[in-house]
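Chemist: Numbering (the numbering used here), first residue to last: 1 to 248.
EDC-like, lysine to aspartate or glutamate: derived pairs with alpha carbons at most 16 Å apart:
| no. | residue 1 | residue 2 |
| --- | --- | --- |
| 1 | Lys237 | Glu184 |
| 2 | Lys101 | Glu68 |
| 3 | Lys101 | Asp47 |
| 4 | Lys237 | Glu185 |
| 5 | Lys143 | Glu155 |
Label-pair restraints from in silico Cβ distances:
| no. | residue 1 | residue 2 | range |
| --- | --- | --- | --- |
| 6 | Arg175 | Ala61 | 43 to 49 Å |
| 7 | Leu117 | Gly70 | 36 to 42 Å |
| 8 | Gly181 | Arg107 | 56 to 62 Å |
| 9 | Pro231 | Gly142 | 38 to 44 Å |
| 10 | Gly240 | Ala166 | 41 to 47 Å |
| 11 | Thr126 | Gly239 | 24 to 30 Å |
| 12 | Gly240 | Gln129 | 31 to 37 Å |
To be clear, the hints were calculated from the coordinates, so they are not data collected in a lab. Positions of the beta carbon are idealized from the N, C-alpha and C atoms, including for glycine.
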Amino acid sequence: MPRHRREPSRLYRFTVSLVKAVAILAGLFALGLVSAYVAMQLVMEKDRVEVPRVVGVDSVAAGQLIGEAGLTPRVVAEEFSDKVPKGHVATQRPSGGTRAKIGSEVRLFLSRGTDQLEVPNVAGGTLPQAQRSLAEAGLTLGKVTAIHSDAHARETIIAQDPPAGAPAVRGTTVRLLQSLGPWEEMVTMPDLRGREMVTAVNLLRELQVEARVSFESSVSRQGQVIAQDPPPGARVKVGGQVRITVGD
1 MPRHRREPSR
11 LYRFTVSLVK
21 AVAILAGLFA
31 LGLVSAYVAM
41 QLVMEKDRVE
51 VPRVVGVDSV
61 AAGQLIGEAG
71 LTPRVVAEEF
81 SDKVPKGHVA
91 TQRPSGGTRA
101 KIGSEVRLFL
111 SRGTDQLEVP
121 NVAGGTLPQA
131 QRSLAEAGLT
141 LGKVTAIHSD
151 AHARETIIAQ
161 DPPAGAPAVR
171 GTTVRLLQSL
181 GPWEEMVTMP
191 DLRGREMVTA
201 VNLLRELQVE
211 ARVSFESSVS
221 RQGQVIAQDP
231 PPGARVKVGG
241 QVRITVGD
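Construct the complete structure from the given sequences, taking the supplied hints into account.
Modeler: Next up, the structure:
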């Protein structure tokens, strides 16, 4: 016996119709949003242009390209670059290929060229000469160490670190070795006045200083040192001479 198929209830049909209507409305709303977004983008793009790529281009040509695109070029700074020649654009903001509002500013950073250089040779000169050479090269004077040297005159620069010709970046510190001249051993003169001549001469001999003796008439101080040159406390080079005056 065939079964009778039940017809959907009125509530079910209403629910299905309502769901379909909501889905259609949601679709129309989403389509409207997309259309509005596209329309807004189109309106916004009307007064926007593509920023030309000018990195590596010399500053004059870069300014012309940016101006022809309806934008305003402005050089804001310089920076060192090992890849971009001096006077050419090293960096730009905004970058090339992006879109910007007509008349807006494109900031340019020009290359100062490489900051790599060779250390100048300052050996053989004086300290002021070395300071001037290093400053002109963009380098910094570092610690100066002084030593005695029989081969180099006093105040002459003996050596430097880094050495001449070595690669360096601007601002590198250069240390110097300066000559104090030949080593000269010095002794301090004792007070010889009032001493017997023999005692004074022997004392000077112990100090490795030569005594040059002269005599002066003196009844009260015969045989004693009356005067000396250099005076007591003076510094005398080993092997040097001291004049003593003895009473006669």
